[in-house]
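In order, the protein sequence lines correspond to chains A and B. Residue 486 in the numbering used here sits at position 486 of the first sequence; the count goes up by one each step and never skips. Every position in the second sequence, counted from 1, becomes a number in the numbering used here once 1000 is added.
Check the hints yourself; a few may be wrong.
Said to hold, decoys possible - Computed beta-carbon distance windows for the label pairs:
| id | chain 1 | residue 1 | chain 2 | residue 2 | range |
| --- | --- | --- | --- | --- | --- |
| 1 | A | Ile543 | B | Gly1601 | 42 to 50 Å |
| 2 | A | Ile543 | B | Thr1503 | 48 to 56 Å |
| 3 | B | Gly1601 | A | Gly375 | 53 to 61 Å |
| 4 | A | Lys538 | B | Gly1601 | 26 to 34 Å |
| 5 | B | Gly1332 | A | Arg220 | 28 to 36 Å |
Derived from the structure by calculation, the hints contain no laboratory data. We put the CB at the ideal spot given by N, CA and C, even for glycine.
2 protein chains.
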Amino acid sequence: MPENPLHLLLDPRSVATVGAGNNPLKMGTLQALSLIKDGYQGKFYPIHPTDKIVLGHKAYASPMELPETPDLVLIVVPTDQVIPVLEDFAKIGTKRAIIISAGFRETGDAGREREGRLKEIAAASGMRFLGPNCMGVMNTGNNLNMTIGELPGKPGALGFASQSGTYVAQTLLYLKERGIRFSKAVSCGNEADIDITDVLEYLGEDEQTKAIILYIEGLRDGRRFIEAARRITPHKPVLAQYVGGSAAGAQAGQSHTGALTGPDLLYDGIFRQAGIIRCHSIEDLYAHGWAHATQPPLRGNRLAVVTNSGGPGTAISHTADQGGMTVPRFSGVLQAKIRPLIPPHAACGNPVDLTFHLDTQVLALTIPEFIMESGEVDGLILHGAVNSGFMKMVYSHVSGFMADVPREVFLEMMAKEMPAAVELPRKYDLPLLISSFFGREDNFTSLYIDNDIPVFDSPEKAARGMASLLRHLEIRRRKSIGTPVLPPASPVAMEIIRMALATGQKALDEHQAKQILAAYGVPVTREEIARSEDEAVKIANDIGFPLAVKACAWEIMHKSGLGLIALNVRTEEALRESFRSVREAAGSPIPVLIQEMVTGGREFVAGMTRYPGFGPCVLFGLGGVFTEALQDTTLRSAPLSAVEAEEMLADIRAKALLGEFRGLPAVDGSALAGILQVVGVISLLHPEITEIDLNPIIIAKAMPVVADALFILRA
Amino acid sequence: MPENPLHLLLDPRSVATVGAGNNPLKMGTLQALSLIKDGYQGKFYPIHPTDKIVLGHKAYASPMELPETPDLVLIVVPTDQVIPVLEDFAKIGTKRAIIISAGFRETGDAGREREGRLKEIAAASGMRFLGPNCMGVMNTGNNLNMTIGELPGKPGALGFASQSGTYVAQTLLYLKERGIRFSKAVSCGNEADIDITDVLEYLGEDEQTKAIILYIEGLRDGRRFIEAARRITPHKPVLAQYVGGSAAGAQAGQSHTGALTGPDLLYDGIFRQAGIIRCHSIEDLYAHGWAHATQPPLRGNRLAVVTNSGGPGTAISHTADQGGMTVPRFSGVLQAKIRPLIPPHAACGNPVDLTFHLDTQVLALTIPEFIMESGEVDGLILHGAVNSGFMKMVYSHVSGFMADVPREVFLEMMAKEMPAAVELPRKYDLPLLISSFFGREDNFTSLYIDNDIPVFDSPEKAARGMASLLRHLEIRRRKSIGTPVLPPASPVAMEIIRMALATGQKALDEHQAKQILAAYGVPVTREEIARSEDEAVKIANDIGFPLAVKACAWEIMHKSGLGLIALNVRTEEALRESFRSVREAAGSPIPVLIQEMVTGGREFVAGMTRYPGFGPCVLFGLGGVFTEALQDTTLRSAPLSAVEAEEMLADIRAKALLGEFRGLPAVDGSALAGILQVVGVISLLHPEITEIDLNPIIIAKAMPVVADALFILRA
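Construct the complete structure from the given sequences, taking the supplied hints into account.
What follows is the structure in structure tokens.
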């Protein structure tokens, strides 16, 4: 594998800037200032057309005058100057560039052409670049900061790859308030060259990075993304937000970074396939990511809740329950240890509710420690640890009694030091999350934040944070995905498709489609084409009644409701009559398919659609008449390993139908999953097929049989 | 209607306290201090056993010594003293009490008994009380504050009834930071007397209150709650959080306030029935409630997004879209007005993305005003209006250039005043919500907050806030619910039930159940009981083939999979065979139901369960074999008006099945809704029936027919 381009980009020995000057409120200058002021140890070479000194450093009129070839150039110039500047640096052999300037693909065709030119210049000289239309990068491991904000005080553990610059560069005060610190953060911009998958791969290998977050408006190489992600997710949590899956989101993303979007369902599916935890807001992305980056991994779903107030305790319990956690009742032994420490009517069974209570020692340390050492839970959420914030809240009311105590002294009175409280997660190797309505004005909130224990400003958020940790436990417990193997293409299938295309078919007829499926081992209905009534009768005697009788021509893509199909045909007489009526409805003496009548209480659908960037994607869902009405489906990018296909089965709401059901045996899951795998295989081996729809797949006793099939061909 | 007990409780001319002393860190003292310090204008009478002066006021040793009968007493004493104190105040004729003390129903049987005693004392003297186990009340309309926190600076417009004291009393700093201000807030505690519905009714009438929020752990008189709420919700938004619908939530609520909980689905249903907007976190409850309380109502779903950054613009658009909003492309005329104000490559079609931009005048005023006056949208979300916060973010980097400018002056430099920006919602009567990553450290955030324009600290939250306003538009547009009319009980039905109970039946057999349904006008299958093969054949000739043949005895509640049912019986021979085989499977010569065979592609279920506090609740959902597997159901409390029953039809995920579907006509919605109404009517008129299950209701062409029915009787 070639070296990841981010290594040099995030750890250059020297950086040139074009566009930084001495006006401190310009973007380029702000970025250069961040580089200079935040402690970057490499060389800094400002290029400036007129000024001899930029930001206190010797400036150069052009790249040609530089004393050495810089590893990296940061370009923040008007759009029309970007190409010549990049050419100059390509000429002197600079290997990495960050292009902040906008005005490329996101603006339409002319911009797309300009962006193409950037790619050509870079490719010709072996240069790799980030952007254009991005907001810079930061690496807290070496104090490299090329954003407009300030680095946090100490290095962090959360890696971030973002298709929005703002989320890297303009939320730094927001993050500081919450103690969230990046290891590396990269704004990807238009991804003309380096893309979000490169960044993801880099962060996956980076030791400083303990968890990864991704903000995504659209992926251009979805398959590569999936493969990169799933090498990482079994051992390092990856969380992602995707906002391109609605009409409004797709339109906004298009004008933002020219994003190539796909439906929400697709991203839901590929995130699951890749082991990525999906978030639905930037707040959750940051906060859940930080919980993953700082807390020991969750090893089970048993949650303890300790609170000084019933409402938050109930809300935490309810929300955690909905996220898959349990809030188990503590043993008698554990309750007996807690009981003497709390008021007589207070609850100690879990949640432990101390009720209105100001003894933070008991609330934040003694009781949590009893619980953690008990082995009865896998994680703990604490609500209500507060000292000085409470004092601030009541100060104006009680100050009359404290006339001789200055406010500062009063506030400090209860501001206990309690370093042992923040050692609990490490000491017991269990995650601890905090819920508090008090911000940094409270000494306990600050204590937790400053010691990398996430504080959530409302109870439900802490519970959802814990549920996010549970998602990664599930991902760690996933079966090894395995490598899907692509068999050789079937000559039978190739010939059917070749013939169909040669005769101008835009789709395969049902029988052709089934022959292809059968060639790849998929169980289909027994059936034959009849071209006369007598032939139909002969076939019927081979197959046996009851039968389905269907018009069979590629032009007829949907048969129901049009008289083109007769089901449950039980006698020769009925067969002859059906044969005639189907032909009559078709209006011509077309071939008629005589098909074994498969019945069963359960019907599913499998299908395939090609999405740009993802190749063929396989759909699975509830079939028959319910497919459209219930839209209970799930998608994956092909090829699929057996494990991935089986995971799809568990993904639909109606999954209870797959088990034993109303006297029917459990569905043969591996046979059904096998069909999904084959749909992927056929799609990959036969690119002439643009869409597949197998509906219904009827479960006969336990075994799936494809009862109808539609393959659309490339126009 | 008797006067609402909250009137006097929240506006007493005089207040006595028991439990307030001179130790400022005790709950009772803190509450009394709030009363004294926050500007309450009535009389204050502390009762204290020893101190002559409490908090600077003359104290009395007992209620008997008071110079007048106080309107209200606040009781904060140990559990065992509550009863005698309440008795004393009952004796002197005090009409309202707030009992903060805990140790009652929430602790078990002895506590339940104590709580019963409180109710007796109050009832005997005409006193009404709040609590026990609550945290007090506040009324910002008259500066009455009996919580442990401080009133906000000026009165607010958000009314709050809470089954958690913390959310009224301990979040005041949190709310102050966000500018959220209550009109009245009431912590309901155990609701031994005054309950959350009393508070809701009071807030519904209160002119200061523009929107109402409710935190609910469980409702004891659900039906009364629904009726109270739906008188309010068409004109005043009511939002509610419910946390008792999971195992963990129910358990935690039980030990908190002894809450009577019900399943989540039930509360989902009754909230819809009552026109209440459901929230899933206290953060949303406060923030969305505040948006409803401060912003003009939304009159359509067209959203404008103005931003200085693409990521937040995309995230807002996507999230709003998922909440039912559209982000329509602006007209050419409007775009032409915006275009000259923004950078050349910036987007102006909606979202308007100014890109990195520090001219808040254009971002926060000029462009929003163009948009609002255009009439092209119904609401606007603005992201990125920031001045001094940005300066703070970059100050440390640029300060070298500003050596002669002190930090304060620098920060003020860009801290523009822009009062016109906050006038926009009022001027154009359109809601405006703000998204910003900057808190009160930014002058714009403070400007908006202090002028009652909600600021959300991440983009998706602002979008969800706007979607919440849209929910109230839908509620305002709801058809008038109408009054359900209860017909007289059917003598036929009464007789069937009487006979069944007299003979020890624990359920009705299918045929009995259908006769009752038919008596109330519900279409059921044509059918007769046969007691011999010959009788079966005779009935078959009346009804006509095909037929269903079913064992019919009340003990047989579930027939499928046991050989007790034969479907699609088409010939006399098959009928005779089915008759014999059904009896054989039953093991005795039981009655056999000969029933017309109704077929149709669509099956639904209707049912009834009785929930404590809600009476009979009617269920509707997808029927047949899919009922259990898909759990696509919705619930309402009976009786149901026609409008309410029709709303249930639109509530299931599979609602597409009700329209024209695969060649089938649209279902007759009023006939199907009529069945739901009758299920409610039967349940109310015949309390002996504890459960009803009509499954399947088959849609034959367009008309629903009940094909199977189970009624369970009171044991």
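Now for the hints, and whether the structure bears them out:
Evaluation of the 42 to 50 Å hint for Ile543(A) and Gly1601(B) yields a failure: the beta carbon distance comes to about 26 Å. Remark: the range hint 48 to 56 Å for Ile543(A) to Thr1503(B) is upheld by a beta-carbon distance near 53 Å. Against the hinted window of 53 to 61 Å, the Cβ-Cβ separation of Gly1601(B) and Gly375(A) comes to about 55 Å, which satisfies the hint. Range check, Lys538(A) to Gly1601(B): Cβ separation about 33 Å, and the 26 to 34 Å hint holds.
Under the hint 28 to 36 Å, the C-beta atoms of Gly1332(B) and Arg220(A), about 31 Å apart, fit the expected range.
Hint compliance for this structure: hint 1 alone is broken.
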